[in-house]
Amino acid sequence: MSSLNLVAVFVENKPGQTARVTKTLADAGVNIDWVTIANSGGFGVMKFLVDKCDLAVRSIKAEGLMVSLLEVLAVEVDNQPGALQSVAALLARNSINLDNCSGFVVNNRAILVIEAHELAQARTVLQKEGLRLLTQGEMVKL
Amino acid sequence: MFWDQELETLPRPALEKLQLKRLQDTVRRVSQNVPFYQQQFAALGIKPDGIKSLDDVRRLPFTTGVDLRATYPDGLLAMTRDHSVRLHTSSGTTGKPKALFFSAKDVDNAAELIARSLVMTGITRQDVFQNMMSYGLFTGGLVMHYGAEKVGCLVIPAGPGTSDRQLMLMQDFRTTAIHILPSYALYFAGFLEQKGIDPRKDLALRKAFVGAEPHTEETRKRIEEAFGIDVYNSYGLTEMNGPGVAFECEHKAGLHLWEDNYILEIIDPITCEPVPDGQTGELILTTLKREAMPILRYRTRDITSIIPEPCKCGRTHCRLNRITGRSDDMLIVRGVNIFPQQIERVLMSMPQVGRNYVIILEGLDDMTVKVELSAVGFDGQVEHLTALQSQLVEKLRAELLVKPKVDLLPPGSLPVAEGKAKRVVDKRSI
Ligand SMILES: [Zn+2]
Numbered sequence: 001m002s003s004l005n006l007v008a009v010f011v012e013n014k015p016g017q018t019a020r021v022t023k024t025l026a027d028a029g030v031n032i033d034w035v036t037i038a039n040s041g042g043f044g045v046m047k048f049l050v051d052k053c054d055l056a057v058r059s060i061k062a063e064g065l066m067v068s069l070l071e072v073l074a075v076e077v078d079n080q081p082g083a084l085q086s087v088a089a090l091l092a093r094n095s096i097n098l099d100n101c102s103g104f105v106v107n108n109r110a111i112l113v114i115e116a117h118e119l120a121q122a123r124t125v126l127q128k129e130g131l132r133l134l135t136q137g138e139m140v141k142l
Numbered sequence: 001m002f003w004d005q006e007l008e009t010l011p012r013p014a015l016e017k018l019q020l021k022r023l024q025d026t027v028r029r030v031s032q033n034v035p036f037y038q039q040q041f042a043a044l045g046i047k048p049d050g051i052k053s054l055d056d057v058r059r060l061p062f063t064t065g066v067d068l069r070a071t072y073p074d075g076l077l078a079m080t081r082d083h084s085v086r087l088h089t090s091s092g093t094t095g096k097p098k099a100l101f102f103s104a105k106d107v108d109n110a111a112e113l114i115a116r117s118l119v120m121t122g123i124t125r126q127d128v129f130q131n132m133m134s135y136g137l138f139t140g141g142l143v144m145h146y147g148a149e150k151v152g153c154l155v156i157p158a159g160p161g162t163s164d165r166q167l168m169l170m171q172d173f174r175t176t177a178i179h180i181l182p183s184y185a186l187y188f189a190g191f192l193e194q195k196g197i198d199p200r201k202d203l204a205l206r207k208a209f210v211g212a213e214p215h216t217e218e219t220r221k222r223i224e225e226a227f228g229i230d231v232y233n234s235y236g237l238t239e240m241n242g243p244g245v246a247f248e249c250e251h252k253a254g255l256h257l258w259e260d261n262y263i264l265e266i267i268d269p270i271t272c273e274p275v276p277d278g279q280t281g282e283l284i285l286t287t288l289k290r291e292a293m294p295i296l297r298y299r300t301r302d303i304t305s306i307i308p309e310p311c312k313c314g315r316t317h318c319r320l321n322r323i324t325g326r327s328d329d330m331l332i333v334r335g336v337n338i339f340p341q342q343i344e345r346v347l348m349s350m351p352q353v354g355r356n357y358v359i360i361l362e363g364l365d366d367m368t369v370k371v372e373l374s375a376v377g378f379d380g381q382v383e384h385l386t387a388l389q390s391q392l393v394e395k396l397r398a399e400l401l402v403k404p405k406v407d408l409l410p411p412g413s414l415p416v417a418e419g420k421a422k423r424v425v426d427k428r429s430i
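Protein sequences, first through last, are from chains A and B. Using the numbering used here, you'd call the opening residue of the first sequence number 1 and step up by one each time. Using the numbering used here, you'd call the opening residue of the second sequence number 1 and step up by one each time.
Hints in this document: simulated from the structure, not taken from any laboratory. It should be emphasised that the depicted structure is a prediction, and the values quoted were computed from it without experimental measurement. Quick reminder that beta carbons are idealized off the backbone N, C-alpha and C, glycines included. Heads up, a few of these hints could be off.
[Stated by the list, open to error] So the derived list for chain B, only partly shown, Cβ under 7 Å to chain A, looks like this: (1) F378; (2) D379; (3) G380; (4) V382; (5) E383; (6) T386; (7) D407; (8) L408; (9) L409; (10) P410; (11) G412; (12) S413.
Chain A with its partners taken away, still in its complex shape:
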């Protein structure tokens, strides 16, 4: 499958929560490849791309934290101006709303991580356009 899962953790927005979660993952021997943290008022949501999803979920649960898997798409785009715009425009043309989008460049490859409600539809649209979607395995090997 050309989709991948992020491990999403729901925490109270108070000092020490990030340290608590990352320590849990480190103790379990889970490697974090990518992370994003969003705080909204009293709570925060951390999303991790990790090498061992199941182990990550199990150990976070055992720590008494609330965790869920979140399916996202990772699409590789040209590392040049206008690349993000073209993907955004493509999705908009197909009435797909982006919930969250983040990107990074590694080894001169540009990767966009996309969250959308209509994930299956987004996948089809991107693949039709000839864009490459990365698997979980490919992402952690970048």
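Assemble chain B with the ligand onto chain A, guided by the hints.
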């Protein structure tokens, strides 16, 4: 099913005749033995012979919680202390508690009312009854215990807390019925979930009796769904024996108040005038069979209404609607009267909301409702959380007419009380 079919289905005229006779006896006894009532009667010109109809109860003075504290420890006793065999107290948040004395007959009679209450939901001597209420000075444990024993159940005096031991008892002795605080029942459901126990398959539970905390219909449904059992609302207060004052029958449509033991009135708490049947007001209770410590027209502070229609079960004792709040619990926020139950109703109707919450009042007059998410409350999407948050704010605003702040929290982050849950924290500086 009936425990005492004759009394429970006594035709109204006979029931009222019995009430009048017992009221006259009670008034005569307190006028002979209780200085507190003697003084009040003298001031109001009341003579025991003057009580000729049930309506005359309205000429009698009210008894309040303040009176019980003022006459502490034994000022309301109608018999010498050596006739009493048991003492219970009602916990006061500050100062002295209220002390309640029971004669041997009172103890037996309280058990009798519990027996009626349990049997009308289908409890039999085959049941294994785990009493998860606190024993000791609080009436919830012992009074229920004696009643369940009277029915012939195997009673397990587990007391509250220590969920691991509760579960062990339930499994080892195949517990079929529990008596539990609603807040603890919700917590315990979460505990079973965590342990991977499916109460429908792994336990023999059939029924739960919940009381001692006002709670909503939504909370009852949550507990029923979490355990796969029938949950019955029970009402009582220490001043009136504790549990067993009013219970639901198998129809779960209001609580039958045992009128051969109590006269009930519903009054407007401000004017103290009676309200028409069906209208909401403060419940006033007069004991009719209490020997050691009869109490006239006790102001329970509990807000409820009478269901005037007869019940399908055939009992003639009138039904009360679920208590919507204790007037002592009422909050005033920005000039608006709010009962914590209104907030609970909104929260418990949302599947994404978990089982624990707390209402915090702070600053000048700001209300924050902190709620834990349920297991289905988090799917990884921040947008769903912020949407839930604004939905809760909007629903609460519509219900309360005051806009609160809502904080979403992970399960297990709010403190759990061993006894009654503390749902309101008032830190206001005004
Ligand atoms: Zn009934």
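Hints versus structure:
The interface hint given for B/F378 holds, since its Cβ lies 5 Å from the closest Cβ of chain A, which is under the 7 Å cut-off. Hint on B/D379 holds. Least Cβ distance to chain A is approximately 5 Å, under the 7 Å limit. Hint on B/G380 holds. Least Cβ distance to chain A is approximately 3 Å, under the 7 Å limit. The interface hint given for B/V382 holds, since its Cβ lies 5 Å from the closest Cβ of chain A, which is under the 7 Å cut-off.
The beta carbon of B/E383 comes within 5 Å of a beta carbon in chain A, closer than 7 Å, and the hint placing it at the interface holds. Taken as an interface hint, B/T386 checks out: its beta carbon lies about 6 Å from the nearest beta carbon of chain A, inside 7 Å. The beta carbon of B/D407 is positioned within 7 Å of a beta carbon in chain A (closest approach about 4 Å), and the interface hint is therefore held. Checking B/L408 against chain A: minimum C-beta separation of about 5 Å stays under 7 Å; hint holds.
Evaluation of the B/L409 hint against chain A yields a held restraint, the C-beta minimum of about 6 Å falling below 7 Å. The beta carbon of B/P410 comes within 4 Å of a beta carbon in chain A, closer than 7 Å, and the hint placing it at the interface holds. Taking 7 Å as the C-beta cut-off, the interface hint given for B/G412 holds, the closest approach to chain A being about 6 Å. Of the supplied interface hints, the one on B/S413 holds, with its beta-carbon coming within about 6 Å of a beta-carbon of chain A, less than 7 Å.
Checked against the numbered hints above, the structure breaks none of them.
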